[in-house]
Amino acid sequence: MRIRTCCPAHNCGGRCLLVATVEDGVIVRLEADDRRDDDLAMPRLVACARGRAYLQRQYHPDRLTHPQRRVGKRGEGRFERISWDEALDVAAAEIRRVRETYGHGALFVPYGTGAYSNTNGSHLARRLFNLSGGCLGIENTYSWACTNRATPTVYGTRITGNQRQDQVNSRYILMWGWNPAEMIDGTNSAWFVKQARERGARVVCIDPRKTLSAVGLADEWVPIRPGTDVAMLTAMAHVLLDEDLVDRDFVRTHCVGFDAATMPAGAAGEESYEDYVLGRRDGVEKTPAWAEAITGVPRETIRRIAREYASAGPAMLVQGYGMQRRAYGEQVVRAGCVLAAITGNVGIPGGSASGLGLPAPDGGSRWLGFPTGENPYGTAIPVAAWTEAVLRGHALGREDGVLGRDRLETDVKLIYAVASNCLIDQHMNVNRSARILADEGLVEFLIVQDQFLTPTARFADLLLPACTAFETYGIQDGWKFGDELLFMPQLVEPLGESKSDYAICSGIAERLGIGEAYTEGRDERQWVDRILELYRDRFPDLPDVDAFEASNAGVHTRPIDEPAVAFADFRKDPEAHPLDTPSGKVEIFSKTLFDLGRPDEIPAVPKYVEEWESPFGEEARRFPLQALGSHSLSRVHSSHANNPWLQEAFPQRVFVNPVDAEARGIRDGDPVRVFNDRGRLVIPCRLTNRIRPGVVDIPQGAWWAPDADGTDRGGNVNVLTTERLTPFAHGPAAHTCMVEIERERP
Amino acid sequence: MARRVGFAVDLSGCTGCKACQLACKDKHRLGPGVLWRRVVEVAGGGWERDGSTWRDASWTYYVSVACMHCDRPICVEVCPTKAMTKGEDGIVTVDSERCMGCRYCEWACPYGAPQFDAASGVVTKCDLCSDHLAVGRDPACVEACPMRVLAVEDLEVGGSRGADTFPLPPSDLTEPRTRLAPHRDVGRAAIGPSRIGNEEEL
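Those protein sequence lines, which keep their order, are chains P and E. If you want the working numbering, it's the 1-based position in the first sequence plus 3. If you want the working numbering, it's the 1-based position in the second sequence plus 42.
Worth flagging that the hints you see were computed from the coordinates, not collected in a lab. All residues carry an ideal CB built from backbone N, CA and C; glycine is no exception. Among the hints, a few may not be true.
[Unchecked claim] Some chain E residues close to chain P (C-beta under 10 Å, calculated; not the full set):
(1) Thr57
(2) Ser100
(3) Ala176
(4) Ala186
The whole structure should be built from the sequences, with the hints applied where relevant.
Structure, rendered in structure tokens:
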């Protein structure tokens with residue numbers, strides 16, 4: 004039987020159609036989208052290596068198949084089998100105990116995207132707590148915290164992108180740290196770039212790594228030193244001023260803060276963007292020569308790219324997210340938006356306002372349709388502040404990004420991690436997180452619900468086995484762009500005693516006395532039907548679950564024949580259609596940020612701020628290399644880290660430029676020790692020209708595997724990264740990370 | 043009349059994502075280490091010091107390689123048991139009943155197409171998904187290509203193009219049936235020594 008379904012995408016940037024062959028209750032094959040039609044308005048949703056290797060995960064011998072309780076010390080990873088009844092009783096009793104002892108604020112569901120099919124995923128636990136008085140909530144994400152916060156400071160919205168079908172109207176595409184071929188960023192995003200290129204657009208990739216996107220999509224790769232993108236963007240603005248390439252009309256009518264004549268109310272006489280670029284206040288003119296010394300990009304290249312971008316015709320500056328997961332990640336987002344604005348690329352076909360780029364007209368994907376309800380506790384922390392909420396919850400306040408109250412009431416005492424490996428692998432500074440979790444006096448009870456014994460799950464007090472998305476009913480929304488919904492019929496029975504996250508949370512809800520409220524009498528399939536109803540405003544012809552399943556369509560698509568252009572109305576008439584910013588215009592100078600009074604870290608105009616760890620600092624004497632943790636096709640974050648086919652295709656390596664290797668006597672394939680004061684790992688190296696000298700890459704998401712000495716043998720980059728968060732968005736700055744490498748001697 | 047088809051790849055748009063390789067493994071249920079289709083990273087050049095900075099003078103492109111279903115298949119020539127044959131349709135196949143696992147074909151083929159499967163003790167290889175072709179479908183790898191740069195094309199004898207692109211061996215050895223459109227770096231590879239950048243993955 005061939006059944007169309009969606010790839011259990013975890014939190015990959017794609018949502019792709021798969022055709023599963025099921026024989027005798029076993030999935031034996033997963034094929035690509037088999038629809039014949041394939042055009043710009045409604046392209047096929049062709050899965051990547053991860054989707055095609057999924058059966059190796061689905062039937063992995065290490066799948067968790069029954070509930071377990073910890074024996075021995077926390078983190079040792081020793082467990083004993085218990086029954087579901089006992090497991091759910093224990094979970095409910097501990098939730099009750101902690102709630103009564105410390106209050107709702109001591110309960111916490113961490114960020115987690117290891118399952119994303121609505122009836123599987125961390126939001127099932129969120130609904131559970133929201134219906135029983137609430138818990139400490141989370142806001143923002145690990146992935147794009149800075150752009151989430153910084154994009155609206157310029158445009159008043161995160162919806163800054165044209166629909167992707169519009170890319171064919173572009174003449175020039177700057178893929179700035181953007182890597183759709185590996186990170187995906189929406190199924191077909193790489194293919195749309197290819198369509199634009201075939202219609203004559205020139206594509207330039209600016210990135211420290213020659214990514215698969217740089218090789219397969221771009222006409223040119225411009226390697227740049229990580230963390231210095233703002234310097235190049237600023238120098239490009241200098242070239243535009245120098246050569247009279249600024250779109251003066253657009254700046255005058257649609258922007259504030261570019262120059263003295265356009266300063267917003269209450270900021271007259273303050274430093275404008277032009278003042279900053281020309282160095283009128285700080286005495287440093289941000290010329291291409293200035294930027295060359297910082298970025299490592301030759302000045303003539305900066306000059307040429309600036310000219311090309313400003314004169315090619317409609318041009319897109321598409322920002323990746325890696326460069327905003329850095330020390331002052333807010334700045335690069337704002338600087339990119341400003342460059343798009345002053346070249347007049349906002350609100351036109353083939354252009355791009357840059358920034359986060361959720362698609363016009365409505366922001367695209369809703370990500371999840373399952374109703375989690377409101378959190379009655381009404382308090383949230385930035386996702387990446389969970390370690391601080393455990394260690395010093397009482398001291399955590401608005402200055403740390405706390406929302407909903409001035410200061411937290413309690414430390415976090417119970418964590419219920421569903422589909423989340425964010426407590427260990429996917430959080431910065433793994434050794435620190437592991438020490439925090441190992442202390443049973445801090446987090447008193449840790450429930451982990453997952454499909455595998457992840458490094459996070461090894462710390463569980465109670466381990467609950469979740470089934471995969473193929474083993475229950477589910478539905479997935481087209482990632483970021485939301486052009487389609489993909490239906491996941493139950494293909495096979497859950498392995499062993501595993502259950503859907505929904506079923507497990509229902510069991511706990513029942514024991515907390517809210518069973519009926521939680522389930523509303525629905526099973527997974529009925530919830531999918533309910534979610535389909537909730538989506539019918541976006542997809543009027545959406546079938547119900549019976550029709551969807553009977554049709555074996557797998558996907559319901561809204562073809563995009565006339566792609567929407569973000570800010571088109573504002574472009575035409577800024578008075579009639581003002582932006583949702585204080586000035587109603589594009590805020591090159593943000594009075595809101597100015598009023599924060601922290602110009603060194605949160606300047607009112609985007610500035611290059613030297614990172615707290617950088618090749619230019621004292622720390623570079625001991626740790627001279629910049630470490631990146633790229634998104635590899637080997638995994639979706641840490642999901643698939645144990646998939647043998649993907650390990651064969653993309654083995655975990657530290658990628659090193661031959662220049663840096665030679666200086667250290669390292670040969671291709673040598674085991675290499677990567678270290679700084681936070682941690683150390685040893686994995687084989689791969690020498691490659693595809694990375695700038697001075698930079699090493701350890702693709703993120705490999706499972707932490709410390710040896711007796713504490714050296715990670717799994718190659719998890721987060722043993723090296725810092726838990727320090729960015730100043731405005733309180734986002735992760737994992738990629739700001741200096742290290743040294745040496746050949747590991749046996 | 044049977045089609046005489048071969049693989050065509052537009053290297054200019056190949057990202058090296060390996061969806062084709064994994065689709066092949068899924069379709070044919072290939073065990074560890076058996077890769078009927080592989081993606082080779084071609085690497086060359088290097089980085090040059092320029093004052094205070096470095097300039098990139100390197101090149102990279104990807105070549106997805108499977109059996110070329112050659113018009114002079116050396117695997118067929120060397121096979122002592124006649125297990126390896128080229129059919130009327132041009133597809134080179136191996137008969138696992140006849141194969142005795144001597145691996146001469148594996149040694150002789152310059153494309154690494156015949157792959158020894160240790161579990162079964164015989165050589166296995168790409169059959170161009172002839173079951174798919176028979177019902178008008180493309181091979182699994184072609185269906186899998188997210189960039190739509192991999193295809194099967196009707197290729198008459200002598201109709202191959204780009205078959206000498208590095209790292210492929212001289213095409214006059216076996217007369218491979220394929221058509222490769224060049225990546226922008228293929229020309230650079232012709233002016234300096236290139237090497238394989240991902241040997242351990244092949």
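Status of each hint after checking the structure:
1. Thr57: Interface hint status for threonine 57 of chain E: holds (3 Å vs cutoff 10 Å).
2. Ser100: holds (3 Å)
3. Ala176: Interface hint status for alanine 176 of chain E: violated (16 Å vs cutoff 10 Å).
4. Ala186: holds (5 Å)
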